[in-house]
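Now for the letters of each chain:
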Amino acid sequence: MITAELQKSWARSLLEAAPSSPAPWLEALQRKAGEAIEQLPPVNRKQEAWRYTNVEPLLKERFQPVVSRPAGYEGEVPEAITPHRLVFVDGWFMPQLSDVALLPQEVTAGSLAEAIAAGDERVKNRLGSVAEPDAHLFTAINTALVNDGLFLHLPAGVKLESPIELFWLNSTDGETPRLAQPRNLVILEPGAEAVLLEHHLPGQGGHYLHNAVSEIVLDPGARLAHYRIQDESEQAWHFSRAALDQGSDSSYHGITLAFGGRLSRTEYETRFTAEGASCTLRGLYTVGDDKLQDFHLDVRHDVPHCSSREQFKGLLYGKGRAVFDGRILVARDAQKSDAELTNDNLLLTRNAEVDTKPQLEIYADDVKASHGTTVGQLEPEQIFYLRARGVPQQRAVHLLCEGFAAEIIEHITVEPLRDQALARLRKTLSQLD
Amino acid sequence: MLSIKNLHVNVEGKEILRGLNLEIGKGEVHAIMGPNGSGKSTLSYVLAGRDGYEVTEGEVIFEGKNLLEMEPEERAWAGVFLAMQYPVELPGVNNMTFLREALNAVRKGRGEEELDAVAFMKLIREKAELVKLPEKLLKRSVNAGFSGGEKKRNEILQMALLEPKLAILDETDSGLDIDALRVVAEGVNSLRSPERSFLVITHYQRLLDYIEPDHVHVLAHGQIIRSGDKSLALELEEKGYGWILEEEAAA
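Those protein sequences? They're chains A and B, same order as listed. FYI, our numbering numbers position 395 of the first sequence as 415, with every residue one higher than the one before it. FYI, our numbering numbers position 90 of the second sequence as 442, with every residue one higher than the one before it.
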C-alpha cells in the first residue's frame, strides 16, 4: 500500500528536477501546491476516491519531468480535421508544428508558458482559480510544476466557426520515462463560442506519464463543446482533470472517449456560479487485459436553475477493469436544479470488472434528479436476432458493441471526428476476437 | 423443400415437441394453428436455430440439407427466414445499417456480390414502400421505440429484402390492429411466389383471411393432430380448439 513516505519521496523526485518558478507572480501558487504535497493523504485505498484505483506501481517508477520546450519532434504529426491546429510535445506547445494563422486576430490560442512569461493579466487572474491545487497528489504536482500547456482565450461574443484541434504527443530518449504535465487555461468571455478537440496520442512515446489539468472558465452565455479522444499507448499512465467554472446561461458539452493507457483517470469538476447554466458530460471507455479506466465526476449545483447530464458507458473485455465515481451535489439553495446521471457497462468477458458508484447528494427540495447504473452482458436474443438475419456471430457482437457505444459517439457534432471515433472503436473491437 | 420427421424437442428438460411431422413443398403456404403452449413458437425457433432448444429425436431436412446442423446465420444464407413474434430491439444499432449488414451478409453467404450504398438505398426505399414503413424508421435504432405494427412491418421488410425460400411467420398477427394486419398481410402476399414457401404460425384464424393457406395443420401437445385445407381454419374459428382436442383424446 502507498504510504505517505512513498508518496512524498516520489513527488520530491519530480519536484527536484524542476527549475525555479517561471514567473515570480506564480511562486505563491506553486509553493502552496508544493506544500500541499507534504500534507496530502496518500492516494491509496483508504481514500474513497482512490479505493479502486491502485497507483502504487506508478509511484514505484521514476519519471523525468520535461522542463523546457523540446527542440523539435522527429515523429509524424497526424492530419488535422480543422484549420486551427495546436501541437504539443511532452506537454509543450510546438509553434513550428502548429497552425493558428487563420484564427481571428482577437483570439489567443497558444502557449501558456509564453503567456505566463509575458505576465498576461488574464492568466494572472485565472490560473489556479478554478482547479484546486490540492485536490490530490496529481493536481498538486501539476500545479507545483506549472510550465506549458494551452492558453485559449476568446473575447466576448466571438464565435469560432471551425473547431480548434489539439494534439498531445510524446517523445522519448529511450531512458527514463518522461512526465508531460500540461496545464491548460481556457477562457470564453460572455457569449463566446468554440469547439475544442483533443487527441491524446503516444507520438513517439511508449512508456510515459501524462498528467494534465485544465481550467475552463465560461463566462455568461459562453458555449464550449469539448471532445477528447484519449488514445495513449498501452504502457502509458494518463491523468486528466478538467475543472469548470460556469457563469449564467453558459453551456459546456464534454465528451471523453478513452481507449488507451495502462491506467487512465479522467476527472471532471463542475461548478455552477450563476443560474441558467448547463453542463453535459459524456464518456465512453473501452478497457481490456490488465488495464484500468477510471472516471470521477464532481458536479456541484450551488445555485438554482442549472442542469447537468452525465452519461458514461463502458465496454470491458478480457481482464479489463473500470471505475466510475459520479457525484452530483445539489446544495440547499439550488432549487429547480435538473440532474441526471447514468453509467452503463457492458462486460464482454467473465473476468472484466467494474466498480460503479453514482452519488446524488440533494439538499434542495424542488429538484429533478435521477441516476442509474447498469452492468450487463450482451443479450443472447439480440445476438440470435442478428444471426437469424445472416450476420455471423462475431460481427453480431461487434454491431451490438458499436450500437452500445454509438449512444455516446453520436453526440459528437463534428462529423469527421465522429468517424474517427467510430474507426478507433472498431479497431478495438477487431482485436477482441 | 422442408421435411420435418418425428421431431422431438426439449426446452429446459421438458419435452415440448413430441414427434412432429410436416412436409412443405415449394411455393406452398402452410398454416399451423394451435392453442397456447402447444409448441408453435418452439417449432419456429428450432427451425431458425435458436439456442436452448434440444432436439432429442427426428430430423429436419431443408432443400436436401440437414438444417439442424447449421448455424443460425447459415440457415439465413440457405434461405430460412423467421419473422419473430417479438422482434428484438437493438438500441444504438441504426436500422438502415442493420438492414444493409443483413442483406450483404446473406448475399455473401449465397456467393453473391455485396451491394454498394447507392444500390442498397434504391432497393431499401422500394422495399420500405412495399410494407409502408416510414423512412424515418429506417434512421432509428432497430425496433427501438417502434409500435407493435411498426415492428412487424420491419420484420416483413427484412423478409422482402432477404428473399428467403422459406419464410416462417411466428404469430405475426399478434398485437396488430386490423389496419396494421392488412398492411403486413399485403406485404407477405406480394412476396408469394412459386419459388417461395411460407409457414404461417398463428393462434387465430384472422390472419388467414388475408394470407390464404394451401394447408392448415393443428398443433397440440407437440404433435400435428390434424391437417386439412383452409376450411379447417374456419372450422377452428367457429368451434374453437376444444372439440378437436376432445376428438383426439377419444381416439
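Treat the hints as calculated values from the structure; they're not laboratory data. Fair warning: this is a prediction, and the values are worked out from it, not measured in the lab. Errors might be hidden in some of the hints.
[Claimed, not checked] Some but not every residue of chain A turned toward chain B, in silico, with C-beta under 8 Å: (1) Gly95; (2) Arg407; (3) Pro412.
Backbone N, C-alpha and C define an ideal beta-carbon position, used for all residues, glycine too.
Outcome of the hint check:
no. : hint   : result
1   : Gly95  : 35 Å, violated
2   : Arg407 : 4 Å, holds
3   : Pro412 : 5 Å, holds
Hint check: a violation occurs at hint 1 only; the rest are consistent with the structure.
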